[in-house]
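All chains, full assembly: derive it from the sequences and hints.
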Amino acid sequence: MRKFIGIFLLMAWSSAHAGLESINPMSWFVPKDASNYATKMAATIKDTPACQRFKDEIMAHAKGSPTDGKTVGPIVEARRKATEAGCAK
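Counting from 1, position 27 in the sequence shown corresponds to residue 27 in this note's numbering; the numbering is continuous, with no gaps.
Any given hint might turn out to be false.
Pairs of lysine-lysine residues, derived as DSSO-like cross-links and limited to a Cα-Cα distance of at most 30 Å, are as follows [claimed, not checked]:
no. : residue 1 : residue 2
1   : Lys63     : Lys32
2   : Lys89     : Lys40
3   : Lys89     : Lys63
Treat the hints as calculated values from the structure; they're not laboratory data.
Below is the structure:
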């Protein structure tokens with residue numbers, strides 16, 4: 001019985017990584033995209049025409065997964081560039 005439960009849990013874990021539905025109950029509370037995070041990061045940048053490109057760069061990644069490094073990394077990098085350019089509020 002223990003072996004069956006272990007195999008079931010491993011299969012459920014691997015199917016979650018393959019893009020299938022997860023049985024993890026906490027996945028219901030995790031946001032599906034990074035739009036809230038990107039909006040908050042974009043709000044920390046000044047509203048000037050010279051700084052608009054940084055806001056656009058951040059919002060371009062808003063539809064990605066908030067737990068994915070391919071989404072959060074570019075958002076943080078754009079915020080860092082905005083700070084270096086003097087565009088941070």
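Here is how each hint holds up against the structure:
1. Lys63 x Lys32: Given that 30 Å is the threshold and the Cα spacing comes to 8 Å, the pair holds.
2. Lys89 x Lys40: Cα-Cα ~12 Å, so holds.
3. Lys89 x Lys63: Holds. Lys89 to Lys63 sits at ~24 Å (cutoff 30 Å).
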